[in-house]
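For the record, the sequence lines run as chains A and B. The first sequence begins at 1 in the working numbering and counts up by one. The second sequence begins at 1 in the working numbering and counts up by one.
By construction, these hints were calculated from the structure, which means they are not laboratory data. None of the values given here were measured: they were computed from a predicted structure. Careful: at least some of the hints might be erroneous.
Said to hold, decoys possible - Taking lysine to aspartate or glutamate pairs in the DMTMM-like style, the calculated list, with each CA pair at most 20 Å apart, reads:
| hint | chain 1 | residue 1 | chain 2 | residue 2 |
| --- | --- | --- | --- | --- |
| 1 | A | Lys72 | B | Glu340 |
| 2 | A | Lys280 | B | Asp314 |
| 3 | B | Lys231 | B | Asp269 |
| 4 | A | Lys419 | B | Glu337 |
| 5 | B | Lys251 | B | Glu228 |
| 6 | A | Lys138 | A | Asp110 |
| 7 | A | Lys97 | A | Asp135 |
| 8 | B | Lys179 | B | Glu228 |
| 9 | B | Lys143 | B | Asp154 |
| 10 | A | Lys280 | B | Asp325 |
| 11 | A | Lys72 | B | Glu335 |
| 12 | B | Lys239 | B | Glu228 |
| 13 | B | Lys239 | B | Asp269 |
| 14 | A | Lys585 | A | Asp511 |
| 15 | A | Lys438 | B | Glu14 |
| 16 | B | Lys320 | A | Asp281 |
| 17 | B | Lys318 | A | Asp281 |
| 18 | A | Lys72 | B | Glu337 |
| 19 | A | Lys416 | B | Glu335 |
| 20 | B | Lys179 | B | Glu189 |
| 21 | B | Lys313 | A | Glu278 |
| 22 | A | Lys254 | B | Asp325 |
| 23 | B | Lys249 | B | Asp288 |
| 24 | B | Lys45 | A | Asp433 |
| 25 | A | Lys280 | B | Asp326 |
| 26 | A | Lys438 | B | Asp10 |
| 27 | A | Lys419 | B | Asp326 |
| 28 | A | Lys148 | A | Asp200 |
| 29 | B | Lys320 | A | Glu258 |
| 30 | B | Lys318 | A | Glu278 |
| 31 | B | Lys313 | A | Glu253 |
Unchecked claim - Where chain B lies over chain A, by a calculated footprint (3+ residues, C-beta under 8 Å):
| hint | stretch |
| --- | --- |
| 32 | 33-46 |
| 33 | 243-252 |
Every residue, glycine too, gets a C-beta built ideally from N, C-alpha and C.
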Amino acid sequence: MKDAKVIEMEEVTIRFSGDSGDGMQLTGTLFSDTSALLGNDISTFPDYPSEIRAPQGTVGGVSGFQVQFGQKQVNTPGDFAHVLIAMNPAAVKANAKFINPGGTIIYDSDAFTERNLKKANFVTDEPFVECNLEDYFKIPIPISSLTKESLKDFGLDNKSVLRSKNMFALGLVCWMFNRPLEYIEEFISTKFAKKPVVVDANIKVLRDGFNYGMTMQHMTPSYIVNPANIENGTYRNVNGNHATAWGLLAAAEKSGLELFIGSYPITPATDILSALSERKDLGVKSFQAEDEIAGIASAIGAAFAGDLAVTTTSGPGLALKSEAIGLAVMAELPLVIVNVQRGGPSTGLPTKTEQSDLLQALYGRNGESPVVVLAASTPSDCFWYAFKAAKIALERMVPVILLTDGFLGNGTEPWKITKMSELPSITPRIAKDAASFKAYKRDSETLAREWAVPGMQGFEHRIGGLEKNETGTVNHDPDNHQANTEIREDKVQRVVDMVPDLELCGDVDGDVLVVGWGGTYGHLISAVKELRQEGKNVSLTQFNYIKPLPKNTEEIFKKFKKIIVCELNMGQFAGYLRDKMPEFKYHQHNKVKGLPFTVKELKQSIYNLLEE
Amino acid sequence: MIDLKYTVKDFKSENEVRWCAGCGDFAILNAVQRTMAGMGVPREKYAVISGIGCSSRFPYYMSTFGFHTIHGRAAAVATGVKLANPDLRVWVITGDGDSMAIGGNHFIHLIRRNIDMNLILFNNRIYGLTKGQYSPTTARGFKTKTSPFGTVEDPFVPGQLVIGARGTFFARTIDGNMKLSQSVFETAENHNGTSIVEVLQNCVIFNNGIHSALTDREHAADRQLILEHGKRMLFGKEKQKGLVFEKGKLKVVVVGENGITIDDILVHDVTEEDPILHLALINMQLPDFPVALGVIRSVSALVYNTELVEQIKDVQQKRKITCVDDLLNSGNIWEVEGNETEGSECPDLKLK
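Pulled out of the complex, with its shape left as it was, chain B reads as follows (with noise of 0.2 Å):
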């Protein structure tokens, strides 16, 4: 085996890139390159599909294989792509108006065949490419153009149809963290299934700050829990804060006080199928939790491209059909013989 090494320039394509100066995109475009070229996979090896929206230019900004497709149908299209080629490595770029709005299905479909591929969903809570309008991940009462009294619907939380779709893998990150995205994105390409990273990426222009209160220096360290497989659920710039879980419910608690200890504190594991306790920790929220962060959950389960892939093997190990001409001679079929047909006037309009 080669060694193959790579490094971030391999990645990146002779194309400018075009997000607004300050946009969340350009951290998360270089978390991915990072990810690809520490994975010692030839980039040949990667499609890149997208979308529409502006995380959807992604693939032209890539030195990889591309394709950016139209509204919604990113997860259709990477299906397509998976199933024709399993050896690829498959990106899905999309956005929470382009996979939470007009391509919901698809993205639910995808997620409920477990085929192995990652979508990389970046969550900026505004339509950016259209200039300004609420998405599906619009909190409810938020002012927007097409809502300038306030919206009168609530959002999706994108984890929460992940688990609904049965879901095998599901991490969140936020844009400005690159060394979390990265390592995020790491842990989803080796997972073997559909991978959902929600990345909480800053529309600069149309919906600046939307994730600052999470994000604030000052207050990140208590607004946020990043968990590690295998670690215990701690916060809080000490680690001194924690989770439990009471009554059917998680409670943040605070080491040595009422009593509590290390050891009560919940200990993260991605493995566990039941998900619960991984659909807990998605719908944690501001105020009275932190957000969780990070990989949620990992879980193995029957992978569509392969189990497409070992179907026809099995049944062509038992075929009695090998070829068209055996298809078509097979089943019931009948020799005219001693007919001496009579010139038509007409041509025969049938296969010549």
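Okay, chain A solo, but in the shape it has when bound (with noise of 0.2 Å):
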């Protein structure tokens, strides 16, 4: 036998590909949390199809996850990956543009038949040829069959047998990056731990796997990628979702008050209503409602009897719930709507990413309506976002919109778990004075108005959508809708004064500022950092807050010779920068593809703007 190959990487980039009803996701899931334990920093990227099944060996029913891993600290998924795992034809077709130069791919060799080329629309029978994949490492592997091998005594039927063939996948990729199965062994025991044969059959599957991978180590090569230098502390893996429910969950307890969710299911948005009705053991009140509409409106109605108050939903969801953000706006009540932004416009593509409801967010109301809006930008501060939303609703008596993303949402990386200790109070204005209280009346520094809710001896008042004067009652009077426009206007602005300074990676002066907003953070950052490698002077800001902007915004700016927003719509936030600082020139670049960007275009167009 001969000597392994062994290559040590600083960080790998991994794609599990194949039919949607492989367990491509589950797969990919155990490998990073898996690597994560290991003491690696990991991204994730789950791509797949909006239809539940589609056509099986189709190019439209590939499900890939993808995973990137180092020692050092990972900020994206991976542009490319070094090694694609590809259960069939179909996987090879679609994952062809996203494979680095010289990669490795292993493959079912048994699902390369005729029928599955066809069905994947190969005009020959060298489906490597025609996706000039030629150069690249290729190791076929029997998985089928061998999977049916490892099975032969258990007795299950061939359809049972080859479900467990992700396994097989799993435990070979195990062994050659050294990742020990210990963790996959105890979730598959507890998954099913009522159908014990299905316990022994995958772990016998994924056993099979890893030695496969020693014993023919001539043909695979094995991988060290050593643990990462990051802080010390308590992880736990996380992905937007369950963060954002998490960051909602951290906020009722700390401003004292229950929290209400009212949401209807719609992708990518649905995890954080399920991660929320899970929690009825600390309380949550979780309204699965008839539409969009009842979701947001019984949070309103929620918000109005004095809980924290949330809805949830991605873009074509926000648009139904538009009106009834008007009202929030104009009964001034605190809500917290997240907005799990995906590909557009109509249903658009409702399983891939997008920041294409930036504009949607503040401006797609009738009336001069505004709101706070606020954007995430990695999965694990999520948390944060969502915390820091509810605290500005609360103290500010303000409707406020976080921003997510699909990418973001459905994406995890390793979080040091956040102690309850460490995060600021939220002090809710309930009134105090019967006597003196009127619906509208305001605090002089925030313009906020103080909340009494139903139940509150001495405090009976009626709001409503229609304007009104100090104490609510409906007034026409025209100076008086003025004036009340104004105020609800400033009464954001002066939200500033919770916004932390905007922050720099890079010098505060130079030739390029690269400009980002929300989930694009990890592969601008790591643009950023290559480019300041090679030694060009380029800086990164990303924003959080969006409506209003951070105070220092401008300070900041100014310093640079060019500015590019980089986003993935067609320009919004460019567009808003223009209309809020027009002295400066912004240069864009966009990308609508359904997916992230990569650092290789992102460096592209900064060079190309560096030369210009």
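Hints given; two lone chains; assemble the complex.
So this is what it looks like as structure tokens:
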């Protein structure tokens, strides 16, 4: 036997890819969790079709899960995969563009039949040639038949046996990257605790996959990726949707309020609703409404009655909620609206990521209807921005829209767990003095009104969507409307005192300032770091506060020769900045492919700008 | 327990009531205020929620907590109010446009969930606030500003939707009959679950007299069947007419004619779970039948808000996670020790 080929790498990207029924999401998640437990930093990107079971074997039905892990800080799931695991020909075709030059392709040779090649629209029997992948390192492994062989004594039917083939692939990849199997075995044992035969079968196939790598090591390379040098502490993996749910729970606990969520299922936001529905133990009142409008309307009712009220959705749902958001603006109730953005317009690309709801969040309502708009920038910081959104809503009596996106919502990364004692306090503006109470009497500093809820004796009052005076009585006086319109805008602007200064990554002045907002942080910081290592005078600033903008925005912008705004839309934030700060020239880098940026394309765009 | 005595005045707000002179809404407002005054519940415990339409100005005229929301959504907003604080007495004020058209979805789902609140549906079969367009309860062929040649669609019968959505309480009253309205509102308030009360209301400007065939003094006794639980279904000036159920259908009979005795007349049972007879009563219309008024259906069933509270209680009794710190530290967590992190040139945008 030849010596194993051992490659030491700082970071590796792997993409698991197969039919949407092949269990690729689970396989990828288990591998990522194992890597995180070993101490690697990780970033993941599930990329799946909107059909639950698209036609088997077709390119449209390919489900992928990409993870980058490394011994340094990992900010993105990686542009291109070093290793692609392809369970069928369609997976090769769908991912050909996303493999690192010279990368390794491990594929189930049993699945490369004439029929499957045809389903994936290959015209010859040489799929790798057709995809220009001749120079890549390819490892054909008869995964299906090895899985059958592995389970021949289990007495399972063919369909059940083949369902385990993802475990063979997972075992093999674990061997290649030197990952122990304990965590995965424990997971399988717990998940299928009621079906011992399924536990035994999956663990058998997993181990056989691992052992296959070991015995066949003359052909499979083995990699070493050492643990990352990350801050000491207690960690867990978290995706953006869970982090959002937990941030809201933290805000409820800090504010001493009960949490109400009124939502309607919509991809990719549903996980927030289900994560909160699980938390009856923490007293969450979760209400799955009959539609998006009832979702927000019930939340507005709960806010009126004194709960920390939340509604969660994605783009089309936000459109349906717009009239009700206007009511929350007019009534001045505390409300958190989470929008996990996806590709649009209309139904668009439900399972793909985009940042194209920015203008909808800012302006998508009738009348002058200002709300606070925040954006989270990594899966784990969704926790903080959900918490902050609730804090602003409760302390300023204003609706807050939190923008995340499909990439953040489904993507995971290790998170150094926050302790509740480390979080700031939240003080809801509960009214105290009945004698002086008026529904719209305001704090002179913040312009926020007080919150008196049904049940509080002596505070009975009426509010509504009509323009009103200080007591809440309907008022159509022209000057009153002008004054109240200005107050509602001013109230949102004064939230700026809760907004930290914008920070810079890199020098405080230079040739190019890269400007991003929300979920593109990982890719932008990776691109800027690499450019700086190459000696380029480039810095990054990433916005989490869209409305109001941080106080020092102009200060930062004016120290750079050129500004480029990078976003996953056609230039919505750039347009907003032009409106707010027209004195600067804004270059743009835009993409709407339903995919995150790649570091490569960002760097190219910035090179071009540096050369101009 | 303190004996709480309230008067109608305690439930009137300082706002001037601005409906058209002669509008049926005044009487309904009065009946609601009388009902609340009679319940012995302090006014801060009431939340009156409305949508959009003439009737929806109602909360401004009450001294309770009130919320005038947006078109069609009152039932959904009220749902959130009740779930946030199940101790509140929640009343929804809505109209045939608000609840049968734009808010139809929330109307049926409120009923299906059986959330404990009262919904008062002001049915004048017209859009009043937008000045006279046909509504989902306008009769086929009726001419309005948006149906100058008559409508070519059939109306909803609100009670049918209530039965179709598995409603537990339905009553019908007339704006002018304050005594009946007050008694129906009281029963609705005491019902645990969603109580729907349809009030046949007269729009004096855009649909004046739409219910007059029913309300005309001269014919009222023959055209109204005022139902009472446990009583026989009798009507007419001398209470000589009654209803029997024959071959799956209701039939009007006269006591003493064709061998009919008083014992043949149906006895009203609001608690009958099978909705067949209740639906037949809801469907009765002139000229062949009298129109059924009073409480038609009141059955007990599981109530959403109670079930939600119970479920939370049950889960909390067995809980392992008692606070957010517990939650965040549950599941797969691991310790990183012994690392010396180098200072990054870029600030960490994660939580500080």
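Consistency of the hints with the structure:
1. At most 20 Å may separate the alpha-carbon atoms for a hinted pair to count; A/Lys72 and B/Glu340 meet this at roughly 13 Å.
2. Distance check on the hinted pair: A/Lys280 and B/Asp314 sit about 9 Å apart at the alpha-carbon level, within 20 Å; holds.
3. Restraint check for B/Lys231 and B/Asp269: satisfied, since their Cα atoms lie roughly 8 Å apart, inside the 20 Å limit.
4. A distance of roughly 18 Å separates the Cα atoms of A/Lys419 and B/Glu337; the hinted pair therefore holds under the 20 Å criterion.
5. Note on B/Lys251 and B/Glu228: the hinted pairing holds, with a Cα-Cα distance of about 18 Å set against a maximum of 20 Å.
6. As the CA atoms of A/Lys138 and A/Asp110 are separated by approximately 14 Å, the hinted pair is consistent with the 20 Å bound.
7. For the proposed pair A/Lys97 and A/Asp135, the alpha carbon gap of about 14 Å is at most 20 Å, so the pair holds.
8. For the suggested pair B/Lys179 and B/Glu228, the alpha carbons sit about 14 Å apart, so the restraint of at most 20 Å is met.
9. Of the pairs offered as hints, the one joining B/Lys143 and B/Asp154 holds, with about 13 Å between alpha carbons and a cut-off of 20 Å not exceeded.
10. The hinted pair formed by A/Lys280 and B/Asp325 meets the criterion: a straight-line CA distance of about 16 Å does not exceed 20 Å.
11. Under the criterion of a C-alpha separation no larger than 20 Å, the hint pairing A/Lys72 with B/Glu335 is consistent with the structure, at around 17 Å.
12. A C-alpha spacing of about 14 Å is found between B/Lys239 and B/Glu228, which places the hinted pair at or below 20 Å, so the restraint holds.
13. Restraint check for B/Lys239 and B/Asp269: the C-alpha separation of about 19 Å stays at or below 20 Å, so the hint holds.
14. A threshold of 20 Å between alpha carbons decides the hint, and for A/Lys585 with A/Asp511 the separation of about 13 Å falls inside it, so the pair holds.
15. The straight-line distance between the Cα atoms of A/Lys438 and B/Glu14 is roughly 14 Å, inside the 20 Å bound, and the hint therefore holds.
16. Restraint check: the Cα-Cα separation between B/Lys320 and A/Asp281 comes to about 8 Å, which is no more than 20 Å; the hinted pair holds.
17. In summary, the hint linking B/Lys318 to A/Asp281 is supported, as the alpha carbons are separated by about 8 Å, within the 20 Å threshold.
18. A hinted pair counts as satisfied when its Cα atoms are at most 20 Å apart, and A/Lys72 with B/Glu337 qualifies at roughly 16 Å.
19. With a C-alpha separation of about 9 Å, the suggested pairing of A/Lys416 with B/Glu335 holds against the 20 Å cut-off.
20. For the suggested pair B/Lys179 and B/Glu189, the alpha carbons sit about 15 Å apart, so the restraint of at most 20 Å is met.
21. For the suggested pair B/Lys313 and A/Glu278, the alpha carbons sit about 14 Å apart, so the restraint of at most 20 Å is met.
22. At most 20 Å may separate the alpha-carbon atoms for a hinted pair to count; A/Lys254 and B/Asp325 meet this at roughly 12 Å.
23. Between B/Lys249 and B/Asp288, the direct Cα distance comes to roughly 13 Å. Compliance with the 20 Å bound is thereby established for this hinted pair.
24. For the given pair, B/Lys45 sits about 18 Å from A/Asp433 by alpha-carbon distance, which is consistent with the 20 Å threshold.
25. This hinted pair checks out: A/Lys280 and B/Asp326 have alpha carbons roughly 14 Å apart, not beyond 20 Å.
26. Simply put, A/Lys438 and B/Asp10 have alpha-carbon atoms about 19 Å apart, close enough for the 20 Å limit, and the pair holds.
27. At roughly 10 Å between alpha-carbon atoms, A/Lys419 and B/Asp326 fall within 20 Å of each other, so this suggested pair holds.
28. Distance hint between A/Lys148 and A/Asp200 is fulfilled; the C-alpha atoms sit about 14 Å from each other, no more than 20 Å.
29. Using a Cα cut-off of 20 Å, the hinted pair B/Lys320 and A/Glu258 holds, with the two alpha carbons roughly 19 Å apart.
30. A C-alpha spacing of about 14 Å is found between B/Lys318 and A/Glu278, which places the hinted pair at or below 20 Å, so the restraint holds.
31. Straight-line distance between C-alpha atoms of B/Lys313 and A/Glu253 comes to about 18 Å, which keeps the hinted pair within the 20 Å bound.
32. Closer than 8 Å: that is the beta-carbon criterion, and the stretch 33-46 of chain A has 4 residues meeting it against chain B, so the requirement of 3 holds.
33. As drawn, the stretch 243-252 of chain A meets chain B at 3 residues by the rule of a beta-carbon pair under 8 Å; at three or more, the given contact holds.
Going through the hint list in order, the structure satisfies each hint without exception.
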